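Asker: Given next are the chains, with one letter for each unit.
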Amino acid sequence: MQQVSTPSQTSLPLVKTHTRLAWVGQLFFIVLGLAVVYILGKNLISNPTLFANIFISGLQLGFVYAMIALGYTMVYGIVKLINFAHGDVFMVGAFVSYFAVTRFNLHQWPLAVFPAIPPMVGVVIGSISVIILSMLICIMLAVTIERVAYKPLRDAPRIAALITAIGVSFFLEYFGALNFVFSPRFIPYERPFEVVAWYIKGGIHQVVPGTQPPDGSITFSNILLIIMLASVLVQIFLQFLVKRTKIGVAMRAASYDKQAARLMGIDVDSVISFTFAIGAAFAGLGGVLYAIAYSSIWSQLGILPGLKAFVAAVLGGIGSIPGAFVGALIMGQAESMTMGYISTPMRDAVAFTILIIVLLIRPTGIFGEPEKEKA
Amino acid sequence: MRSLKVLSLFVILSMILVACGGTGSTGGAKELKVAILAPLSGPVPTFGVSTRDGALLAIEEWNAKGGVNGYTIVPIVEDSQCTPEPAVNAMNKVVDQDGVKFVIGEVCSKATIPISEIGTEKKVIVISGTSTAEAVTVDANGNTKPYTFRACFIDAFQGLVGAKFATEKLGAKTTFIMLDQANDYVKGLAEEFEKNFTAMGGTVVGKESYTAKDTDFSTILAKIAEAKPDVVYLPDYYNIVNLVTKQAKEKGITSAFLGGDGWDSADLDVVAAAGGYFTNHYSPDDPRPEVVNFLAAYGAKYKNDDGTAKVPDALATLAYDAANMLFTAMTTAGTVEDVDKVKTALEGIKINAVSGAITLDAKHNPVKAAAILAVTAEGVKFEASIAP
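So the protein lines, in turn, are chains V and L. For what it's worth, the working numbering labels the leading residue of the first sequence as 1, then goes sequentially. For what it's worth, the working numbering labels the leading residue of the second sequence as 1, then goes sequentially.
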């Protein structure tokens, strides 16, 4: 989907002040950028394996953010709504998989029904079923939210829908915190499959549980590979969907001009519902993978990853699908490098500083078309 | 759950009836009124029920032995909700209306602190089982509050015991400290651990902080894998411990994790945390006769919903100890009327309590052994008892 261009309505007369400030600002950001490059470079040279390990954990985080950021960017591209409830749909996805695995043993159905198939195949099919169930329930939830909370406000000012989105978000967080829903506690998450870790040192070796890999080895796990694979597949699927299919064309048309699209016979309402559904499906997928990766869930799980994915979407250029992907990877690295080389509590500060910097120097983001978005 | 609520309500009502009946009938044995302030509702009702049950068991045992100095103990149970305002109301009620001079409770430090101020003002002895904040027994000027005592050790003490266990029993030379800077409890334990571990000849090879909402600890764990410390000190609550230890196991980190009583929860992921240790007030597996007898008496009096004997938690134990401290001091003082004599006897108390042999320091904080519990994949087991 392309960045939407709307004709600018007002032109700012303050050109002179703007330019002077821009000079000071640019100098500041150049110095900041050089400092970041210097610190990272120094650490890369002094301890390359630690750098690689930190990079890998950033990669894992980045690919998860990418899946969430897609939902933000697609919905924004079409209805110009920042769907703050998106992070909470992500949380619901994690919980659905938790219930499916611990309460209903859904991940074991292939082996229970067909005991003859190899266990590996059974685990893969079982895990995929869990993911699909989570995605379906997230789709239903998101479509319901869209119908109940956003559709009645489609012609209202954009701020009304934004505030409603925040309301829906709080509703999901605190409804989920009720004891008979998800409870306010942190719940240990039981994975549908075992974690296998490897380390790289003169070749790739499997980590034997209970033993420490040798010094100077880079470790990664099957979870990282699964997250990367899922995230890349989602990207390819979306590119195909938006560029090559009829519904993709309809989405682009609705994004460009809803009225004209409607006149052309496009059912804009169902296109919007479809967009919410796709975004929610990927949020559900991301939620399951996030829970599998970090193995503890609670009702406010979605807030911070949701906000960071939103920053990623803005950084990449909100409305742009490849932008969301690239932005998310940058966010993952920014967070991971902050945790590694500054301090862990600083990471949220850095994430939101990035948001401020992007809004200051390039509000349309990396992939956005500059200066066409009205304020 | 519902039947438990109804049952506990019934117990409370019957306690109140017993208390009222006691005050109504004069003559016969002389009566000593003792108030139990416990959070029976509010955020931590299970803490309140345990505290009440522990204290009531002690009172029952003393009455069976003929009471204290010939007086029959009459308990007055009030719900203080772990919140300052209801706690103050309950305190005023028992002191002004019932004429109570001895109070066992509250559980939460934030409720015990205002109660203790009323106690200081009105000369009422307050003994808390489980309020661990330093300000419970010490006022803003650093003076010990004369009539306030507690049965538990304070937060910082666990850091000391943890360091002692790490260096002496585990033979640790290096440590890596993980802490949540925003949590006073965690920070207090971590600082005290660092101070004592260094003083005992150990080296802190790294110190990293995180926030309570973090779920991804991979970068901190990457640093731990680099530093290879003998122990990792993680004095946080079980939810963080579950995450960190699970992710550490997956990275192949073999350093032992060590923590405080925040690990003490049914929700602790024992498979992930296996191989770790934590300091706690008491362990039901401790073979000392005080513990064995207490377990038997508690289990005989209180049952779970399915009819099995209840195992007392740290809250029940410390409330039981607090009540025993009070009655032992009264016996030593030879009075239940003169609050100042009882106070002096409490200050010099020596008692073999369930949670360890207790004496009090100048700040009315117990000096006693802490239990070290080992986490195994099968569950939490008693490892050692470490005296300060």
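Certain hints may be false.
[Claimed, not checked] Here are some chain L residues pointing at chain V (derived, C-beta under 8 angstroms): (1) 214; (2) 215; (3) 267.
[Unchecked claim] Pulled from the structure, derived: some chain V residues nowhere near chain L, Cβ distances all over 12 angstroms: (4) 32; (5) 34; (6) 61; (7) 80; (8) 108; (9) 147; (10) 157; (11) 174; (12) 194; (13) 207; (14) 218; (15) 235; (16) 239; (17) 346; (18) 347.
[Stated by the list, open to error] Chain V stretches covered by chain L per the calculated footprint, using a threshold of three residues with CB under 8 angstroms from any CB of chain L: (19) 208-214; (20) 292-298; (21) 318-327; (22) 334-340.
These are computed hints drawn from the structure, not numbers from a lab. Fair warning: this is a prediction, and the values are worked out from it, not measured in the lab. In this text, a Cβ means the ideal position worked out from N, Cα and C, and glycines have one as well.
Asker: Please list, smallest to largest, the hint numbers that this structure does not respect.
Answerer: When the structure is compared with the hints, numbers 6, 12, 13, 14, 17, 18, 21 turn out to be violated.
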